[in-house]
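Go ahead and model the full structure; you've got the sequences and the hints to work with.
These protein sequences, in sequence, are chains A and B. Each residue of the first sequence is one higher than the one before, starting from 1 at the first, in this note's numbering. Each residue of the second sequence is one higher than the one before, starting from 1 at the first, in this note's numbering.
Keep in mind that a hint or two might mislead.
Derived DEER-like restraints, expressed as beta-carbon distance ranges [as the list claims (entries may be wrong)]:
{"id": "1", "chain 1": "B", "residue 1": "Thr8", "chain 2": "A", "residue 2": "Asp9", "range": "31 to 41 Å"}
{"id": "2", "chain 1": "A", "residue 1": "Ala132", "chain 2": "B", "residue 2": "Thr8", "range": "20 to 30 Å"}
{"id": "3", "chain 1": "B", "residue 1": "Asn292", "chain 2": "A", "residue 2": "Thr19", "range": "33 to 43 Å"}
{"id": "4", "chain 1": "B", "residue 1": "Leu219", "chain 2": "A", "residue 2": "Val34", "range": "32 to 42 Å"}
{"id": "5", "chain 1": "B", "residue 1": "Leu231", "chain 2": "A", "residue 2": "Arg24", "range": "43 to 53 Å"}
{"id": "6", "chain 1": "A", "residue 1": "Pro41", "chain 2": "B", "residue 2": "Ala264", "range": "46 to 56 Å"}
{"id": "7", "chain 1": "B", "residue 1": "Pro313", "chain 2": "A", "residue 2": "Pro41", "range": "56 to 66 Å"}
{"id": "8", "chain 1": "A", "residue 1": "Ser98", "chain 2": "B", "residue 2": "Lys369", "range": "21 to 31 Å"}
Derived by calculation from the structure, the hints in this document are not laboratory data. Since the model is a prediction, treat every value here as computed from it, not as a measurement. All C-beta atoms in this analysis are idealised placements derived from N, C-alpha and C, irrespective of residue type, glycine included.
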Amino acid sequence: MPSEPLSIDARHVKKRFGTTQALRDVNATFQTGVLHGLIGPDGAGKTTLLRTLMGLLRPDEGSITFTKNKIPVPFSSIRPTMAYMPQQQSLYPDLSCSEHLDFFRDLYQIPKNLYQERRKELLHITRLEQFADRSASQLSGGMYKKLGLMCALLQSPTILLLDEPTNGVDPISRREFWDLLYRLLAQNILILISTAYMDEAERCGHVHLLDEGAILAHGEPRALLEKEQVKNFDTFFINRAHKGAGV
Amino acid sequence: MTFDFSVTRTLSMAKKEVRHILQDPFTLAVALGFPLLLLTFFGYVIDFNVKNIRLLAVDSDHSRASRQLMEVFESSQYFKLTAAPSSGQIVHLLDEEKAKAVLMIEPGFGKDWARNRTAKAQVILDGADNSIAGTILTYLSGIQAAALKKLSGEEFRQTITLKTRFLYNPELNSQWFVIPGLTVVIIGIISILLTALTVAREWENGSMELLLSTPVRPLEIIIGKLAPYILIGLGAVVTVYLAARGLFQVPFKGNHLLYLVACALFLGTTLAQGLVISVVARQQALAIQLANITGMLPSLLLSGFIFPIESMPRFFQIFTSILPAKWFMVIIRGIFLKGAGLLDLKTPFIALFIINVVLIFIAAKSFKKDLEP
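Given below as structure tokens:
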């Protein structure tokens with residue numbers, strides 16, 4: 001399938017829940033072929049932004065535009081090829097890995113032979129082959145996330161939104177997870193991953209730093225660190241917090 | 001807006017739901033155990049037909065006439081007679097629940113009878129249990145007539161006879177009355193409770209967020225998730241019907257198709273009600289509470305299942321009109337016992353239909369298609 005380059009363009013996106021201004025004024029562009037990172041502490045607005053991009057929330061103000069070959073296309077035409085992996089646990093504890101895959105096969109209406117191929121491939125790269133019959137509630141944290149990723153990848157999406165997929169996962173599983181993402185990137189899809197682990201920022205191709213509902217800076221991680229004159233992203237956010245507190 | 005509905009996706013929702021049901025002991029227990037439990041409970045344990053009432057007899061007369069009077073009580077099979085030790089202990093024995101009623105035959109009963117004077121005997125009832133006391137009272141007039149006949153040894157000449165004949169349930173068998181009504185209670189509980197739980201579970205589990213990000217449409221989620229419960233509900237209808245006919249020998253006088261239509265109509269309203277609850281609650285614990293309050297209590301207490309609506313306070317008579325259970329109860333009993341047709345039951349059918357449409361509309365309107373709070 002020749003995949004055409006896609007982009008998501010968020011302009012002046014604002015979203016408020018009650019008295020909380022979750023997104024203040026978000027401007028960001030995400031493109032195919034780049035591993036985008038959305039970096040920020042808990043409560044920065046990462047989940048709200050991803051849900052808004054996914055169409056699960058409506059922005060109060062601002063716009064989100066999808067383009068294919070730089071030509072704007074309606075969201076409804078892109079949405080079926082978008083995959084999303086929520087931050088909170090969202091799989092069925094009583095269903096096994098196989099049952100999850102079967103369920104999502106039917107939801108995405110994937111043809112049988114394509115599914116068999118895809119299933120084998122995904123179980124192989126996630127190394128979950130021998131756990132296919134284990135129920136989701138009995139998977140380790142890392143395996144659970146990988147099963148979530150498999151469900152999202154089953155349909156070969158063109159856009160993949162991952163909300164803190166490595167949260168609560170041990171370092172080795174995290175490394176495996178990132179290796180998986182690099183392999184996916186080679187298939188020319190748009191990947192946007194959010195994380196509160198600052199060390200993971202440097203694994204991305206392009207990062208947006210988000211705090212208190214606003215984008216503070218964005219760019220290629222190394223260049224961004226040089227520009228901000230900090231050693232790493234931990235320091236960036238800590239300095240900022242201190243400044244805010246008047247230290 | 002294009003109408004996009006996929007049978008495959010709907011079926012996959014349904015298939016997944018069946019897997020959940022099979023792996024969840026609580027759902028299985030409610031779906032299979034509840035109808036059977038209620039059938040046993042209301043069919044065998046709770047019997048409104050009062051028989052073998054413990055009656056203490058204090059015979060202070062010891063005449064032939066007094067013994068004959070006691071025989072009449074005994075042979076009616078409604079009473080079980082025991083001789084009282086002494087008249088002083090009667091109240092005590094009633095208090096201890098050793099007896100439900102006392103028959104006092106005064107000295108001189110036999111003499112009065114022989115002299116053609118009014119022979120007096122007294123029955124003391126335990127009014128604390130007013131349902132049994134009321135039943136005993138209705139038996140007494142029959143006993144009196146039978147006693148007159150027995151003591152005089154001839155047919156007592158009555159100038160005016162009031163003969164009461166009960167239509168549709170000549171023996172006033174309470175099982176005939178209760179078992180068809182169980183359809184209302186069982187459908188009410190199963191479909192409201194299970195439906196409320198099933199969608200609330202998706203929210204509580206976090207899986208609704210994932211589902212809403214897939215191509216599956218909200219209508220497909222609803223229909224797919226409800227389909228197994230529609231089948232369970234219809235299964236319950238058939239179970240109650242078979243139990244009523246087979247085990248309890250309740251006659252079915254009406255039209256089976258009309259009966260099924262009524263059940264489907266009621267099932268529709270209860271499923272919609274369950275959906276509304278799940279949308280409002282989004283948590284299983286809260287959904288159970290709401291389902292019990294708005295589903296189980298009305299169908300048990302306010303539908304006329306046990307307590308007649310006619311004898312409720314005026315407010316409740318009007319209030320119960322918005323409850324689908326009340327109308328369905330009228331329809332079910334009408335079709336089952338009286339063989340009533342659609343024309344006889346047009347008011348309850350129209351009322352049920354209106355409630356059905358309103359509830360489905362509310363359910364469709366309130367079902368969330370995104371994660372907006």
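Consistency of the hints with the structure:
Here the CB-CB span from Thr8/B to Asp9/A is close to 34 Å, well matched to the stated 31 to 41 Å. A hinted range of 20 to 30 Å holds for the C-beta pair Ala132/A and Thr8/B, which are about 23 Å apart. Under the hint 33 to 43 Å, the C-beta atoms of Asn292/B and Thr19/A, about 34 Å apart, fit the expected range. Range check, Leu219/B to Val34/A: about 37 Å between beta-carbon atoms, so the 32 to 42 Å window is met.
Separation of Leu231/B from Arg24/A is about 50 Å and conforms to the stated range, judged on CB atoms against 43 to 53 Å. With their beta carbons about 54 Å apart, Pro41/A and Ala264/B fall inside the hinted range of 46 to 56 Å. For Pro313/B and Pro41/A, the Cβ-Cβ distance of about 60 Å falls inside the hinted range of 56 to 66 Å, so the restraint holds. The hinted window of 21 to 31 Å between Ser98/A and Lys369/B holds, with their beta carbons roughly 29 Å apart.
The earlier numbered hints are all upheld by this structure, with none contradicted.
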